[in-house]
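With the sequences and hints as input, model every part of the structure.
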Amino acid sequence: MGKFSAKVFICSLFAALVLLSSPARSQEVEDESEFNYDEDSDRGPSHWGDIKPEWRMCETGRMQSPIDLNYRSLQLARIGPLNLNYNPSNATLKNRGHDIELEIVDPTSSLQINGSRYILKQLHWHSPSEHTIDGRRLDLELHLVHQTPTTNQIAVIGMLYRIGLRSDSLLSLLEGDLKALSGSSVGANRSVGVFDPKEVDMDTNLYYRYMGSLTTPPCTENVTWTVFTRIKSVRREQINLFRDAVHDDSDGNARPIQPSSMAVQFNVDFSD
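In terms of mature numbering (1 follows the signal peptide of the UniProt record, and there is no 0), the sequence shown is residues -26 to -1, 1 to 246.
No wet-lab data here; the hints were simulated from the structure. A portion of the hints provided could be inaccurate.
[Stated by the list, open to error] Distance condition first, Cα-Cα at most 20 Å in a straight line; then the derived SDA-like pairs of lysine to any residue:
1. 153 x 55
2. 26 x 7
3. 95 x 157
4. 172 x 55
5. 95 x 161
6. 153 x 209
7. 95 x 82
8. 172 x 64
9. 172 x 205
10. 172 x 214
11. 172 x 62
[As the list claims (entries may be wrong)] Beta-carbon label-pair distances, calculated as ranges:
12. 178 x 141: 18 to 24 Å
13. 225 x 53: 31 to 37 Å
14. 141 x 28: 36 to 42 Å
From the three backbone atoms N, C-alpha and C, an ideal C-beta is built for every residue, glycine too.
What follows is the structure, encoded as structure tokens:
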């Protein structure tokens, strides 16, 4: 091998290693009208990777989310309670096409993981839930999406809900704004004023932790997932508000479960 060829090979190898080891950098798309959740459609989940070259990870990725959280395969760990520093901030509700996003304006709330500070950027909902527990899908899932300010690494907190008699306090707070967005077009938005992330009732001691991906295109990998074990209650009428607000004629916006060989840790509260 000549010197020039050797240099090209080394540079190519280095570039490949950088790509393989790089953190999640690509955020979710803001206009979701280019894909859907219909399995029979050529724009459905099994075809997301064919729609755009930058979405290829949806098809070729090996660390894709959501996954089934199976008790039999969990690894007990003592990671500790989540280190959250949440503060009030202005926020805007936005119709992204298949979900409703609560975008944080001038965000200051953060999540600390392994010495890295992740800033809370937005919240959104999936119905039914995307993650399953021992093969069982629940009725709703809330995602709180965080990102580091310099390296753009992504960490997502997931919360699962079951339809019950009790309303969810956060959705009760946003009810009027969701009704105002009912039947809106993609990109429609509405300011909700000051939003305090502490309105999201969390049990920060018991959770699952694994490395996965975004659940919507571009399906970026190396996302740090934290899914709380506590199942919260939500009223059916509150879930219907999302479907009415999005108005995309879809039965839901949950990506199918993805095959996974990634280790899933279960943080155990040893405080007692």
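> For this structure, which hints from the list above don't hold up?
Replying inline: Of the numbered hints given earlier, those the structure breaks are 1, 3, 10, listed in rising order.
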